[in-house]
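Q: Dock chain P against chain S, hints included.
If you're matching them up, the sequences are chains S and P in order. Numbering follows the numbering used here, in which position 23 of the first sequence is assigned residue number 23; successive positions increment by one, without gaps. Position in the second sequence counted from 1, then plus 115, gives you the numbering used here.
Because the hints were derived from the structure by calculation, they are not lab data. Since the model is a prediction, treat every value here as computed from it, not as a measurement. Certain hints may be false.
[Claimed, not checked] Derived DMTMM-like pairs: lysine to aspartate or glutamate, alpha-carbon spacing no greater than 20 angstroms straight-line:
| no. | chain 1 | residue 1 | chain 2 | residue 2 |
| --- | --- | --- | --- | --- |
| 1 | P | K153 | S | E10 |
| 2 | P | K153 | P | E172 |
| 3 | S | K102 | P | D166 |
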Amino acid sequence: AQTVTQSQPEMSVQEAETVTLSCTYDTSESNYYLFWYKQPPSRQMILVIRQEAYKQQNATENRFSVNFQKAAKSFSLKISDSQLGDTAMYFCAFLNAGNNRKLIWGLGTSLAVNP
Amino acid sequence: DAMVIQNPRYQVTQFGKPVTLSCSQTLNHNVMYWYQQKSSQAPKLLFHYYDKDFNNEADTPDNFQSRRPNTSFCFLDIRSPGLGDAAMYLCATSRAEGAEQFFGPGTRLTVL
Numbered sequence: 001a002q003t004v005t006q007s008q009p010e011m012s013v014q015e016a017e018t019v020t021l022s023c024t025y026d027t028s029e030s031n032y033y034l035f036w037y038k039q040p041p042s043r044q045m046i047l048v049i050r051q052e053a054y055k056q057q058n059a060t061e062n063r064f065s066v067n068f069q070k071a072a073k074s075f076s077l078k079i080s081d082s083q084l085g086d087t088a089m090y091f092c093a094f095l096n097a098g099n100n101r102k103l104i105w106g107l108g109t110s111l112a113v114n115p
Numbered sequence: 116d117a118m119v120i121q122n123p124r125y126q127v128t129q130f131g132k133p134v135t136l137s138c139s140q141t142l143n144h145n146v147m148y149w150y151q152q153k154s155s156q157a158p159k160l161l162f163h164y165y166d167k168d169f170n171n172e173a174d175t176p177d178n179f180q181s182r183r184p185n186t187s188f189c190f191l192d193i194r195s196p197g198l199g200d201a202a203m204y205l206c207a208t209s210r211a212e213g214a215e216q217f218f219g220p221g222t223r224l225t226v227l
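The shape of chain S in the complex, shown without the other chains:
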């Protein structure tokens, strides 16, 4: 069975600085997807970034980028130039591309961006 581990329950960062959220996963599958979702205090879950396991290039979306290390089963999220609006719960999630296609979620990391 797949598992997703986010080892940092809470983090904080100063506005304009860079922060990295960690995520590790366990799977025996070779074809899968990884996601970072953001859930601000308003509670709308928003897709931040998506990574396909067969792609070696790390995904990037504006200030958000990932460091995908497939051999190490690591998928960290880097937020550059942090903004107050980045304050949210961040969930890492795994999706098997084969059978049993449902999201496996980590427990989340609560990020506070301080002015």
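A: For chain P alone, coordinates are given in the frame of chain S:
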């Protein structure tokens, strides 16, 4: 803009009184999901529809039912809400079962 809409945003019901939550989407996605999310926890998948095919999670209580009358709409029925069913209920859609999911704003259910 294409989106996932949930109504109502807040729902208060009494213990044991049936309640229905609504989700609609303008994305024309084939798959629709219902999640339950309790405070400070990750979402828990209750069930999903791939088109008209209903897929129930093994640990979803029988108290929870769902209907999908057409591509755009999906309903979550809680037949006899208990205090433990108070939660945020999230609807999500995806183009296919292996694609990324897009979420609605959620319905916060309070059970008195």
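Q: Confirm or reject each hint.
A: The hints, checked one at a time:
| no. | hint | verdict |
| --- | --- | --- |
| 1 | K153(P) to E10(S) | holds (18 angstroms) |
| 2 | K153(P) to E172(P) | holds (17 angstroms) |
| 3 | K102(S) to D166(P) | holds (16 angstroms) |
The structure is consistent with each of the numbered hints, conforming to all of them.
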